[in-house]
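> Spelled out from the first residue to the last, the chains are:
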Amino acid sequence: MSRLKYGWWLPVLAVFVVFPLVEKNPTYTTIGVFALIFMGCATSWNMFSGYSGYINLGAAVFYGTGAYTMALLSNHLHVPGSGDQFWLVPVGGLVAMIVAVPFGLIALRVRRHTFVVITIAIFFVVQLSAINFSFTGGTSGLSLPLIPWLETNFNTPFYYIALGIVIFATLLSFAVRRSRFGLQLLAIRDDEDRASGLGVKVFAVKLTGFTLSAFAIGMCGALYAVFIGQIYPQFVFDPLFDISIALMAIFGGLGTLVGPLLGALVLESMQQYLTLQFSSSSLYLVIFGALFLVIVLFMPQGVVVYVRDLWTRHSLASDDDSTPMDPALSGSTSA
Amino acid sequence: MRGKRKLFRALSVTSVLVASLFTVATSSGASSSGSIAKGQPVLIGASLSLTGEFSADGTAFQAGYNLWAADQNAKGGLLGHQIKLKIISDASSPTQVITNYQSLISTDHVNLTFGPFSSLLTLPAAKAVNRYGYAMVEGAGGAPSIFQSGLKNVFDAALPVADGLVPFAKWIASLPASQRPKTIAYVTSNDPFTEPQIPVAAKIIKAAGVKTVYNKVFAAEVTDYTPIADEVAAANAQVVVLGSVDVPTVSSFMQAFEQAHYNPKAFIATAGPDQGTTFLKAVGSTYANGVMVPNAWFGGSKNAESVKMVSEYIKKYGGTASGVNADVAEAYAVGQVITAAVKATGGFSNAKIITYLHSGVTIQSVLGAVKFNSLGENNQPTAFTFQWQGTKFVEVNPTTDPGATKILYPKPAWKA
Amino acid sequence: MNGTAVLHSIIDGVLTGSVYALMATGLTLIFGVMNIINVAQGIFVILGAYLSYALSVHLGIDLFAGLAITIPTLFVVGIVVERAFLSRIKGPERVVMSILVTYAVALVIEGVLDMVFTANYVELHAWYVDQSVRVLGIWLPYIYLLGFALALVLLGALYVMLYRTRFGASVRASLANQTAAALVGINVRRVSTICFGLGVAVTAAGGMIYGATNAFNANSSYDLISRLLVIIVLGGMGSLGGALVAGIMMITIEDLVSVVWGSTWSNLSFFVILVIVLSLRPQGLFGQRSVRVA
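Chains as they are written, first to last, in my numbering: chain Y, 17 to 351; chain W, 461 to 876; chain S, 50 to 343.
Okay, chain Y solo, but in the shape it has when bound (with noise of 0.2 Å):
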């Protein structure tokens, strides 16, 4: 049963795997590579965020310490604008780890909208320091090496190695999901007081889940600075970023493995093809705004619930096969 129950996932992996080596045009590998970037964040976000229901909204900055981990290292350590950039993106994600766990220290002592607020904060801290500071090039940012190749496949190195990080993401979050942890983390979300009642140490948990949740965001960062080759301190510590990710984990549906992923995947690649498409005024604007509202009305648990309960109304009027639901699909959201 549990081949079937997971088998459809691999019909999707091949059309990720299939896409670039059908796909040609490098506009749309491009989206791809980002899209891929945002659902690996997304989904490293959600692990912590969407299970605990801590809203972090200062998950910029561990993108921008990957980022900057990779953009000096690479300029400190002098390695050339190859493929061999590509193994430092784990210690972009590693660094991303070692930077969570002061940030967790001190806003995870905090519950609700204060933590969401603590996390913008302590965002703009560290934002406003990349800025100040020398050894980040202030304002002017960081330059990486030139990548000398052409365009010709270009992007295919980013996208699978986006593709990896999201695969790792998302088998992260499942393990953790399906784990004593995971439930710990779910039991901290329903009831914190109840949960450290029943012994759940909770703040070393939480702090494990938000430090885990890094890792991914780190290494996204760090391949999104060699994919660029210039980082400035106002994109990589993006407070836009910080609303992107939540709203496309929200928009997908908080706290399920899948709605991460399709939030980002959606999301990410319908404002950056609206943004191509009808860019010759601020009409794009409008019409991304008008659909996300939409949407948001329509389907107000998050897009993959609501496809869910579709089918369990459905199911349950045509026969009465009313199994109970996959877990890495339930628990919805609650805060």
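Derived from the structure by calculation, the hints contain no laboratory data. Bear in mind that the values here come from a model prediction, so they are computed numbers and not experimental data. Virtual Cβ for every residue (Gly too), placed ideally from N, Cα, C. Possibly wrong hints are sitting among the right ones.
Said to hold, decoys possible - Derived lysine-lysine pairs resembling DSBU-like cross-links, with alpha carbons at most 35 Å apart:
id: 1; chain 1: W; residue 1: 768; chain 2: Y; residue 2: 40
id: 2; chain 1: W; residue 1: 630; chain 2: Y; residue 2: 40
id: 3; chain 1: W; residue 1: 544; chain 2: Y; residue 2: 40
id: 4; chain 1: W; residue 1: 630; chain 2: W; residue 2: 546
id: 5; chain 1: W; residue 1: 666; chain 2: W; residue 2: 642
id: 6; chain 1: W; residue 1: 852; chain 2: W; residue 2: 866
id: 7; chain 1: S; residue 1: 139; chain 2: Y; residue 2: 217
id: 8; chain 1: W; residue 1: 768; chain 2: W; residue 2: 803
Claimed, not checked - Partial list, derived from the structure: chain Y residues whose beta carbon lies under 10 Å from chain S:
id: 9; residue: 133
id: 10; residue: 141
id: 11; residue: 147
id: 12; residue: 151
id: 13; residue: 300
id: 14; residue: 303
id: 15; residue: 305
id: 16; residue: 310
id: 17; residue: 328
id: 18; residue: 329
Using the hints provided, position chains W and S relative to the given structure of chain Y.
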């Protein structure tokens, strides 16, 4: 379980649909062969920030590009091909700018590319375009980092940023001792465009014996400029040099100065006052009197190319010569550089254009002579200082220039 | 740096801060009554500023007189948005959903404003915008004094309405406990709609002052909303007095640090203070009573 499988199948179908959304226009290979079939237009692509942080400048650049294309088409286009511009917006996002240029080259098959607005976006864009072997001639990416990046395909037609304040500094130094100011204040936002300009000017001015009484950097993202402006006013320097990137900063400082009843003998801002009517509208037309700005171009330029462009601009958009944003000319010059390169190389091959522009040729443009060094910097333009005198925007520096108007010094009281 | 400069920066901070407090009060009122985080508040401020701009430039109506038109207009805009979109949000995820919905509304309004008014920066002008009066050896701009007075008058009016009227009693009941309020016969739906309208209406005044003291375009809204959110959390979400104190405190600290220490550190030190305050008092400065517990 049957039901759930069906659901999952539905989901995967959705994913496939989303993925195939992008597979619609599958085609690749940019046409860098350099030849265009007879009767076909030449397609030029650019990404500009029509919304977001840089949108005010982005729209002015758009006007400049369009104006150039219309003029050149009236003259028969490029090598007999009519010019078609494809301008798309990047919403001031570095992510979008990369997608946009790739789309312009791969999907729209543009023959040539023009630069985006702001150094912040130019560098990522130039790196992306470089991979296709395309040249990127631009008019708004003069930060030193661009020329240190090792890119061979970037050409900035505008003035290199760091030297902007030099004529102003030299003018201060050249004043007779009796008129020369005794004190000066520097206040600049932390931005790659403004910060490099201050030390260059300060060195010259200091050598002339003018005392620096205030020198601070302020955060670009500050909410409220009044305390900084009040502090500058309290320092009571005779000259203020403001490192600004946009109109709101300059207008806030001017407002605060006036409210503090502080009127320096000279006031220069690195950017903002060069935005023509946009500037006048924001600060109020009577307040601009005496405000200076460094640049390579202004609407009243006597340069024949420029005079023509300005008259066409006014015909199309109305207003006066003083009201033309310098961004328009910078964008227009980009077109002229390309015109010269295409004519000289006899085709649209980007490789040949890059070689040609690196060959040390001098090209005439609305900005004056343009000549690129090995890094793609234009080392020809003379920096000028311009001043608002009433609602007229005039050249005042270098004073030796035949086109220079007498400088309004000391600056009249605000609003006078 | 000297004593006058410090005093000056404190006065600047209080005057400017009160206007931010006014805009933030709308936000905190909406949150307190409806459990909605209205991230469109920033674009409503800009909308208010543009309305004042249009009235003064095209019809020559004075900025303050124009408020008689712009405040009711934004009140109606608020009611329409609430009825059309926000009233549809139900269920346990109200807060999160409200962020999504108002974000989408903000995008649409931003796009429309950008198309109508273009991206060129504009600023509001009137004689009192550019002139100042000397008090205690310090030049104080009229517009800052008028903005301060306007903020106090409107906050006072809001206070009277909330604490001296029947409607106010039902609002406060809804603030305290929606279910109980409904049980004693208060029409919570109607109260919510009107509160949303009121919360948005104050942005017309805030926007006018903002537009007279800053050159702005539609993109300025992002900067505004992040500051307003920080203010209401610092003050304690749902606390009207908290928003006032936090708004003034935030701008004063920024102004003070930029004079004493340097502007590049002013935002940084503000956020460090915010982190410390919230670590010690998670409910914000004045949040103990009004913050919801669920």
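> Please go over all the hints and tell whether each is borne out by the structure.
A quick look at each hint next to the structure:
1. W/768 <-> Y/40: violated, 44 Å
2. W/630 <-> Y/40: Cα-Cα ~55 Å, so violated.
3. W/544 <-> Y/40: holds, 25 Å
4. W/630 <-> W/546: Answer violated: residue 630 of chain W to residue 546 of chain W is near 42 Å, above 35 Å.
5. W/666 <-> W/642: Judged against 35 Å, a Cα distance of about 10 Å means the pair holds.
6. W/852 <-> W/866: Measuring from Cα to Cα gives roughly 13 Å; hence the hint holds.
7. S/139 <-> Y/217: Holds. Residue 139 of chain S to residue 217 of chain Y sits at ~33 Å (cutoff 35 Å).
8. W/768 <-> W/803: Holds, at roughly 21 Å.
9. 133: holds, 4 Å
10. 141: holds, 5 Å
11. 147: Constraint on residue 147 of chain Y satisfied, holds at 7 Å.
12. 151: For residue 151 of chain Y, the interface hint is violated, since the closest Cβ of chain S sits about 16 Å away, which is over 10 Å.
13. 300: holds, 7 Å
14. 303: With Cβ-Cβ at 8 Å, under 10 Å, it holds.
15. 305: At about 3 Å, which falls below the 10 Å cut-off, the nearest Cβ of chain S leaves the hint on residue 305 of chain Y intact, so it holds.
16. 310: holds, 9 Å
17. 328: violated, 16 Å
18. 329: violated, 16 Å
Consistency note: the structure conflicts with the earlier hints numbered 1, 2, 4, 12, 17, 18.
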